[in-house]
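Engineer: For reference, the chains in residue letters:
4 protein chains.
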Amino acid sequence: MSGNTFGKLFTLSTFGESHGIAIGGVVDGCPPGLALSEDDLQPDLDRRRPGTSKFTTARREADEVTILSGVFEGKTTGASIGLLIKNTDQRSQDYSKIKDSFRPGHADYTYQQKFGLRDYRGGGRSSARETAIRVAAGGIAKKYLKENYGIEIMGYISQLGPIKIEKIDHTITNDNPFFCPDESKLDALEQYMRDLKKEGNSVGARVSVTATNIPLGLGEPVFDRLDADIAHAMMGINAVKGVELGDGFDVVAQKGTEHRDEISPQGFYTNHAGGVLGGISTGQDLLVHMALKPTSSISISGRTVDIKGESADIITKGRHDPCVGIRAVPIAEAMLALVLMDHLLRHRGQNSNVDSQTPHIPASRD
Amino acid sequence: MSGNTFGKLFTLSTFGESHGIAIGGVVDGCPPGLALSEDDLQPDLDRRRPGTSKFTTARREADEVTILSGVFEGKTTGASIGLLIKNTDQRSQDYSKIKDSFRPGHADYTYQQKFGLRDYRGGGRSSARETAIRVAAGGIAKKYLKENYGIEIMGYISQLGPIKIEKIDHTITNDNPFFCPDESKLDALEQYMRDLKKEGNSVGARVSVTATNIPLGLGEPVFDRLDADIAHAMMGINAVKGVELGDGFDVVAQKGTEHRDEISPQGFYTNHAGGVLGGISTGQDLLVHMALKPTSSISISGRTVDIKGESADIITKGRHDPCVGIRAVPIAEAMLALVLMDHLLRHRGQNSNVDSQTPHIPASRD
Amino acid sequence: MSGNTFGKLFTLSTFGESHGIAIGGVVDGCPPGLALSEDDLQPDLDRRRPGTSKFTTARREADEVTILSGVFEGKTTGASIGLLIKNTDQRSQDYSKIKDSFRPGHADYTYQQKFGLRDYRGGGRSSARETAIRVAAGGIAKKYLKENYGIEIMGYISQLGPIKIEKIDHTITNDNPFFCPDESKLDALEQYMRDLKKEGNSVGARVSVTATNIPLGLGEPVFDRLDADIAHAMMGINAVKGVELGDGFDVVAQKGTEHRDEISPQGFYTNHAGGVLGGISTGQDLLVHMALKPTSSISISGRTVDIKGESADIITKGRHDPCVGIRAVPIAEAMLALVLMDHLLRHRGQNSNVDSQTPHIPASRD
Amino acid sequence: MSGNTFGKLFTLSTFGESHGIAIGGVVDGCPPGLALSEDDLQPDLDRRRPGTSKFTTARREADEVTILSGVFEGKTTGASIGLLIKNTDQRSQDYSKIKDSFRPGHADYTYQQKFGLRDYRGGGRSSARETAIRVAAGGIAKKYLKENYGIEIMGYISQLGPIKIEKIDHTITNDNPFFCPDESKLDALEQYMRDLKKEGNSVGARVSVTATNIPLGLGEPVFDRLDADIAHAMMGINAVKGVELGDGFDVVAQKGTEHRDEISPQGFYTNHAGGVLGGISTGQDLLVHMALKPTSSISISGRTVDIKGESADIITKGRHDPCVGIRAVPIAEAMLALVLMDHLLRHRGQNSNVDSQTPHIPASRD
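Residue numbers (the working numbering), protein chains in the order written: chain E, 1169 to 1534; chain S, 1169 to 1534; chain V, 1169 to 1534; chain R, 1169 to 1534.
Do not take every clue at face value.
One copy or two, either will do: identical chains are not told apart, so a pair holds if it fits within one copy or between any two.
Stated by the list, open to error - Quick list of in silico lysine to any residue cross-link-like pairs, SDA-like style, CA-CA up to 25 angstroms: (1) K1476 / D1208; (2) K1485 / A1230; (3) K1423 / L1354; (4) K1254 / L1204; (5) K1476 / S1520.
Calculated from the structure, these hints are not laboratory results.
Same shape as in the complex, but just chain E (with noise of 0.2 angstroms):
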């Protein structure tokens, strides 16, 4: 599996190309039992979807999922799930200076040393496209987990630039184009993101997910903790150049009786863990942080070299995310619903018969 499958239980293996016919792929490992249909997996590669809004890519594509196998009489069957959604705007294009030279920043250079040869089209596989299906497997994963757990898994952005969030209320969060729970800095990020544009600039962005109610025990100590699993997904993210678990970075500067989350028969004190103890899930709610690179498409000319290894110059034209940090929110989502997916069929195999010897403390004392 070079690289294209996720997961062990519950695995996602996809495929396409931003300008090829279609993307796709199989979902393996789906309990079977669960109501599903392409309404369920709809809502979020819609909050995904490019062209929405005036600050993400112009690119128009309906997005629209078709579930080929698994499902029967609208339940999965167990079987594994074909996903597969078509490519409807491949607009016509002008290749010629993509396909003779490196875009700094970009997977042209390291596709072509690589493989010996690359899919110019809009990035081929190195384009964000291939992250639709990560949404579309994601939707089946959430909704397992919803309506079996009462897990809640919950993104938005919490730095774009310089602008930082300082409140969470998430019952904005999917009500404005920047996934912002903060309704004082939606004025300020508009303001900033036109400017932006104007510029024929990018910036990157910090984004947040949250998940609740989390089932204790989940993670496998040493290798595949859970929040090393965390770890890999998010980082396979396009663009992701760092990840962080509840407080992250910042412990390096605390000491550890301020890290240390105490404990009371009422509930855990604080969650500066982010919901992970020795690689293995608290029942507090998982707090994940990434790091999202400015995006290397802009109209700003830069230095490279072509095929022939000479020195060129290039600006990068076409329809692109000034911030692809904002529809990286719902992919985020995504692959912590995979995760935490795998997780629990992996300790439901290994551990399904386990008596605690001891009670759940709650998440928090609230």
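Could you slot chains S, V and R onto chain E? The hints should help.
Structural biologist: Frame of chain E; chains S, V and R shown alone:
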């Protein structure tokens, strides 16, 4: 494989508890013909070994590794390599307090909930003692990578509590008890650690690892990107709460013009990406950073619950590192070596016949 | 991966039911640069296709495969390859009998018990229809193996019911509806099948596959031996109940002097081993045999139980092969190609730099 | 994992050569809470142990297994279990002949070609000595399966050279040196083996394994069928050349009416399928058969080539089993236990909440 196997083609499967008879592992997939003996692995084990300075745990372990198989007449045969390290200093101790209560910030609570029982002696499987085998296995990978590709892997402390290093001079990194590459900070570090110990507290740290002479083309697009697998590896080290490649979380506030590493025929102008584009190595240096939390084993009383779920206070006596980040340096190096080795074999499997059709760009313009 | 992914480096993940919208799959790990189009895959699909002779099921499927990704400008890119075959002949039918009873010898009962529900239309996922995608994926492997190593894979019927083939002449194998390499048996086969059909019964078969020009050194010692993985692949084909390498079950009565394949500088004297020693290919021809049971879908009434556990009688009407062994020939070839391709990449990963230090012995003295 | 790891959720990774320091392994994924000590594993090791009868190799190994981890206060903890067996009888020997020539029928030639070097002492990794660890690991699986599900696994010799057993009475199977369940054949077996030894020759054998009280629903459709994974496991045992489920190769000549196992509310009428339909267990007894070739280590001279590719003659002196099939009996049991354990955990992972909606049919009408 419930979390105790790492890698896909070059794999490490480990076993062993802190206070059991021995810890050990199986390294599988090593190419044949590599000259190998215990002497090649011992130096890194000695760097990780507890009891070597007054700033790490007082536990004394010889940490002498034995190669049980896979080497014949001084060379690897291609068969699996058995590694064994006996536990020698399993000091008899009173575990009654730890046995019945959950240390805040530890895996005690999650192990008990997941498995219904736990080996409470010294943390059992959750102890960092397990990482000694990773260091031994990483030593095999390091040797192969160096001899066949010239790859050099170097770890160091880049911040300890409030003290940030400002200069990198690796001629001193391995000659001080902090793996600190900045001579001007050694006195401050020593003073800080002395105060911390007196206080009975612990502190976090930032560990960095770089690797040079990286072959171009390592890493798989989409899920098993080189950076995603590095994140998995590093977040799987005890106490790690965050992982960054290149500029990491600094990218949040960067613009596209600032972040993209421009290219010239003489080399890349910058390395904000940390050596990976689109999940694939660029040939530039790998730059990896991680945040380690302060150990929760401190001698300042904390609030917790006992096994019956009732309120309790707990002090963790015993021999513990006030800053676990320090000894994590050789562990992080080993994990990076394992990831690189695995991806090297994967790359050779799929792409050994590829002609890249384009020149290699030097890592930097120096 | 709940059983729908095959292989480790060169992988196939499949989906799709007999009477769903489509069947499909993802091939991952294909080396880049292989010239590939649908035309390369269609011939084997046509060989497997139902409705091509009066001795296979009357179901008519065009079985036209579409390559959805992973190929650009006529060559594989190294990215995952999406394959899709639409189901066209999902004849509307009365499933009420099959729905409520378990056909003896079928997967009906076990699917219901394992999953709590099942797609009863034409067997759903347990239908041999699923194997069409294996044939398409195997076609990719076959092409790579042939173009890069000269490997040829050839399957045939070596016994059908009581009729054993006695002569192998592959110039006729693909020109008769039985994949029979012995012209002298064609009349007997035709008569036997005609009688069988009249009787409303079915019969078993023995299928053989050979592969020539096998590179030396494929296969991993211990668990993932080449022969072990071939056994896994073949026993994973619908209706297979036995697998043999080389002399197979005849070895039970052989003596050591008789079985061991002696060696001369001009080549091996014999090939009792079937091309594998110690789990690793010798360079001799691979000789694989398998036994396929008679299909249980027959029009002679059988005793069973219904979904409430009560006695019932059942006749399986519909369009079924009286000898499923016949159409298994291209499937077995495809599975062998997938195994060889996977082990080729694995071998290159670990051993691409090996100098064997000893001459290659020719496959045979001819 | 280059072939030295077996299984997906319940895994065994092994190491060790015939004449090295020790052999060992890591068992991962064992459910916690299983009472376990070395005493549970030793009986099967003693059954496999060489030197226990005059009909097996004269090599004497205590084969005392040590559990190095994963067990605390007499119970498994859920952590990985380290197993170690020291090699004690590594008789010093003259290997000059074996070193420079390839024994026909051995892995000598293929190991040399694949790896460029080999551990020629006693066959190194290709020696059946490696299987001792499989037997130890299988003992853990056997105990879990028996205590939690009542599963019993029983192996025996069903044919040795020309002598076929005709009666199965398992009260004597483990009380004779042949694992023969037919008392009337014991004298013939003893005479045959005595003659064979005198002749300096070896002979093949057929080994059978049955398992009873199998839970319904084990096995995954398509590639990882229960029978496919059993075939993988058995063909991965040294010297095995064929594997059958149920009627095996007899199905070739069977008709559908004859083969299909009809069902009544009181149980299945027959068990031609050997306990698996559509890759999933029916609850009937598992019936597995395998063919083992005669060992090639015989004291009758054979033709071969030396390491320079020149003609040579070779006699394999030393301590070898004239019929390796005999000692394969406990190995085959162990491998079946490992497969069942793995599929049990996989099944629990995906389907632990399933209500089958239909009664369980008894395994047979008895």
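Engineer: Run the structure past the numbered hints and jot down the numbers of the failing ones, going up.
Structural biologist: 1
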